[in-house]
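Engineer: Here are the chains, one letter per residue:
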Amino acid sequence: MSSKVLEGVKRVGLWNSFMGSVKAVLEYTNMKNIEDYMLMGSTGMAFRFVMKSNCDASGPTVYDWASEHFTMLDRIGIFSDITLLFREQGLNTFKLAQVSAMEKIKKAIDNDIPVIIWAPSSVMEFGIISGYDDEQRVFFVRDVCEDEPDPLLYDNLGISMIPYLYVHVLESCIDVAQEKMFRSSLVYGIKEWNKKFHVSSSYTCGNAAYQSTIDALSSERFNDFGFCYCMAVYAQSKEFLAEYIKELSIRSKEIKIPSKTVEYCMDISDGFREISMRTPFLGPKKVHKVDCKKELALYLKQLREKEEYVMKSLEKAIGSAN
Amino acid sequence: MGNFHRIQWIDGAIKEKRYPCIKTISEQFEISDRQAYRDIEYMKYSLGAPIEYSAKEKGYLYTDSTFTLPSFFISEEEKAALKFLSIQYSKIKEESSQNLARLFSRLSGQDDENVSQISIPFYQFSVGNAKNFSTVQSAISQDKKLDMSYVNYQGIFQQRTVSPYKIFKNGDRYYFVGYCHLKQDLRVFRLDRAGSMAVREEKRYKCPYYDPEKYVDDMTYFEYIRPYKCTIEFCEEMDEQNIKFKVTSRNGKRYVIEFFSSHDLLGWLFTVSSKFKIIEPVWLKEKLKQKIKKIFSMNEGEPL
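Line by line, the protein sequences are chains A and B.
Residues in the first sequence are numbered from 1 upward in steps of one, following the numbering used here.
Residues in the second sequence are numbered from 1 upward in steps of one, following the numbering used here.
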């Protein structure tokens, strides 16, 4: 029977709960010192804009977690180990997978590395395990909502309303050449923007996600709760993206980004921030009723045109740098 | 035998001037008098039949002999499906959905409101589900238990008796929460996993720790997980019926209680008694201490 708690692991502080968790782990372990906007931008996460056709809250978290997260962190030189399993009903070996994941988590904690998991509390977001206690059979956790959430029972690892057993340990970090990192993130961002198909027909990505959101605003199946949540998440992403592109335009010696592109990124960020302020996310149990839908649709159309310009400009900048 | 066959028989009997009455209908089909009345009411109000009771003939007749039955009929199963749909659409606030709700309600024989021209959004459902929905709803409204066959998530088939409390939906699925007399605990059942169902002529059991607020449409805190367990010692006797959480065992004034949120549990403990002691787990004791510390520091220096 053993126990260990990593004191001082911070709570998840970003709307994007995965990158918020990564940031907290990086800070605690001193593995890499990186600003929020740089983390979101250089991994490529800030470019992601996924919406469901009815604008429900699933958009920001619907993608292939294992391969996307591994590649995103690899882009900035972080090597990580990921376990991902969907708990289908009637799965015969789930208990064994749970035990194996528990051992992996405890080993990481013993090595002073907090572990990223899916849904450590009742909030369906990524969060962190910061300790364990065999006697009480609990993991101590950090999430996006509370300072001190209730611990996670060993038995409930991987069991939630969205039952994914996701265990992610950040193992080590190597240096990556800055120009390579910049280029890789932009290539990923442009690819995401032009993506024609994302996971299933009800989800769209990048440019298509704008259209899907505009269409949803005039549909009866529009989800007010989800729209407000998505706008809050993406407002922060677009803010980080604008900061990242601005920084890249200053720091990159190979990729020349025009000032108008940076300016448009700022406009997009301001636009999403305004939408988010007008359609506030009030937490998991309250719903803000979205009004002025026609106006919002028109506004999103303008923002899409600006982002289209930004992406074409970035594509040109990468092409010229070759 | 379905009501379609009975209504055809009544129609024929009236047209042949045999003047059927409640007794002849109930005897002919071995149904209750109440059911026979319902058939007459259905013909009159839902099918628009000009049917009246004649004291002279001691039976029913048509006041307009040109009346003919509509060319299509709605069976009991279909009525249950329509009732299910009317409830489902009534939950969507848009006008066209509300119109659909009224239409389905009227077709199911519940309502007589006018329906305007409408556009129909697509929605999938199974008739089996609709029938079960209707049975669970009947049991709840009659305050009765329910017998059903149920296949659990592991694919195991079991016969269960349940005291149902509430139907709710989560995503595209319907569920109901109830006290399972087999498991002797609250359970959530997926409607599409239930097989045959029947209302049992026995009053429902009232579970003291059932909280309707926890089972609301599309709420994310729907409980899929195992609960925490704690041991609490009270300084005075507690009436178990007043404990809003599941008590799994008791030893004198020590209770083993299951809970899902320390916030809910500690909040409740403060409302029922100031004299209690958390025996275990340690993390819950720590939570209590932190909470008290927080309250104390917030109030430090403040006059009471």
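Derived by calculation from the structure, the hints in this document are not laboratory data.
Among these hints, one or two may not hold up.
[Stated by the list, open to error] Covered stretches of chain B, going by a simulated chain A footprint (3 or more residues, C-beta under 8 Å):
| # | segment |
| --- | --- |
| 1 | 225-231 |
| 2 | 281-292 |
[As the list claims (entries may be wrong)] Below, simulated DSS-like cross-link-like pairs (lysine-lysine); rule was C-alpha separation at most 27 Å, straight line:
| # | chain 1 | residue 1 | chain 2 | residue 2 |
| --- | --- | --- | --- | --- |
| 3 | A | K95 | B | K183 |
| 4 | B | K144 | A | K285 |
| 5 | A | K4 | B | K169 |
| 6 | A | K10 | B | K169 |
| 7 | B | K183 | A | K4 |
| 8 | B | K277 | A | K285 |
| 9 | A | K32 | A | K10 |
| 10 | A | K4 | B | K246 |
| 11 | A | K10 | B | K166 |
| 12 | B | K56 | A | K289 |
| 13 | A | K286 | B | K169 |
Here a beta-carbon is modelled for each residue, glycine too, at the ideal position from N, C-alpha and C.
Engineer: All the hints need checking, so say for each whether the structure fits it.
Structural biologist: Checked hints:
For a cut-off of 8 Å, the count of residues in the segment 225-231 of chain B with a CB near a CB of chain A stands at 3, and the three-residue condition holds. Under a criterion of three residues with beta carbons nearer than 8 Å to beta carbons of chain A, the stated coverage of the segment 281-292 of chain B is upheld, 5 such residues being counted. Proximity of K95/A to K183/B is assessed by CA-CA distance (about 22 Å); at most 27 Å being required, the pair is judged to hold. Our distance criterion of 27 Å between C-alpha atoms is broken by K144/B and K285/A, whose separation comes to about 32 Å.
At roughly 41 Å between alpha-carbon atoms, K4/A and K169/B are farther apart than 27 Å, so this suggested pair is violated. At most 27 Å may separate the alpha-carbon atoms for a hinted pair to count; K10/A and K169/B exceed this at roughly 36 Å. Between K183/B and K4/A, the direct Cα distance comes to roughly 37 Å. Violation of the 27 Å bound is thereby established for this hinted pair. With a C-alpha separation of about 32 Å, the suggested pairing of K277/B with K285/A is violated against the 27 Å cut-off.
Of the supplied pair hints, the one linking K32/A and K10/A holds, its CA atoms being roughly 15 Å apart against a limit of 27 Å. This hinted pair does not check out: K4/A and K246/B have alpha carbons roughly 31 Å apart, beyond 27 Å. Distance restraint check for K10/A and K166/B: the Cα-Cα separation of roughly 40 Å exceeds the 27 Å cut-off, and the hinted pair is therefore not satisfied. Of the supplied pair hints, the one linking K56/B and K289/A is violated, its CA atoms being roughly 62 Å apart against a limit of 27 Å.
Among the hinted pairs, K286/A with K169/B is consistent with the structure: their alpha-carbon atoms are about 18 Å apart, no more than 27 Å.
Comparing the model with each numbered hint stated earlier shows that hints 4, 5, 6, 7, 8, 10, 11, 12 do not hold.
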